[in-house]
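Order-wise, the sequence lines are chains U and D.
Each residue of the first sequence is one higher than the last, beginning at 1 in the UniProt record's numbering.
Each residue of the second sequence is one higher than the last, beginning at 1 in the UniProt record's numbering.
Each statement offered as a hint is correct.
Dumping the calculated DSSO-like pairs for lysine-lysine here, alpha-carbon to alpha-carbon at most 30 Å:
| hint | chain 1 | residue 1 | chain 2 | residue 2 |
| --- | --- | --- | --- | --- |
| 1 | D | 119 | U | 43 |
| 2 | U | 32 | D | 163 |
| 3 | D | 119 | U | 40 |
Calculated Cβ distances over 10 Å to all of chain D for the following chain U residues:
| hint | residue |
| --- | --- |
| 4 | 26 |
| 5 | 30 |
| 6 | 36 |
Simulated from the structure, these hints should not be mistaken for lab results.
Note that CB positions come from ideal geometry on N, CA and C, so glycine has one too.
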Amino acid sequence: MAAAESQSPSSVRKVVVHLRATGDAPILRQAKFKIPGSDKFAKVIDFLRRQLHRETLFVYVNSAFSPNPDELVIDLYNNFGFDGKLVVNYACSMAWG
Amino acid sequence: MDISSWDGTISLAEFHAAACALVEKWKKVEGYLSLENIILVSIKEEHDELPSFPQKEETSCSDKEESIDIATLVQGQSDHDEICYYDLHIVYSAPYRVPVLYFRVYYSDGEPLQFEDIKKHLPAHSAKTLLDSKWTFITQEEHPYLNRPWYKLHPCGTGEWMKLLFQGDVSLARNGAAIEVYLISWLSFVGQVVGLRIPYEMLNQL
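So that you can see chain U by itself, here it is in the shape it has in the complex (with noise of 0.2 Å):
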């Protein structure tokens, strides 16, 4: 059995997320990040905000869907992770109307 180091795994459980650009969006330097699993999704959004200095993204996971931003990037991860990680998808707004 694995050590026991913490008494609540899911807050010390990081989570690797793969950011990745869609469209026309910048790609990021570096795209892979290992962020603790109790943060909510929220984080993951203002991150790609200020790294893209831009307000309007469009942010959605595996092609399927927008996460709320309250969402824990554990359950997340938990439920549509793969290969060991979350993919994160990105866009950039596009043209309106």
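Using the hints provided, position chain D relative to the given structure of chain U.
Relative to the frame of chain U, chain D by itself:
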């Protein structure tokens, strides 16, 4: 369906099929439903509880549009002790060929909230999404069936981001499954504007 040339919009018949899929996969309720009396769930206490979509019978169909009324639990801030109720309708827009979210928010005595107050009741991230995103803006107009003013999330742009959402997944195009999951995917995005969280059981269908 050829995703590469698809513009992200759907026909009325496709909306119908997507609506059936939404409803069927979700606790096997029949027909289109309407929810009423959605209770606002506080973020702090009920963080782990995702909203459910209770349903009951009601259909309203017309030749041009179809509406699904979904009442649901919506998370929100609780600066006030007042409970706010949300009514959410999903109506098909023939001109834009996409679903449109109509909603209204009211206190327990039925008094509707002003838009400024709605914004205050939204969870912080929802308010930010609403205000910052170029894809979401809210207008107030007469509900296509109920002849009363409702708020509506404007549909322009929906086709574009739905196309974007699906185009990364070649298997969707091949299996033609895009239509069945269209509304769930769509709802995951627009629902954020009102603080809706889609339960994982639903998202796992995608």
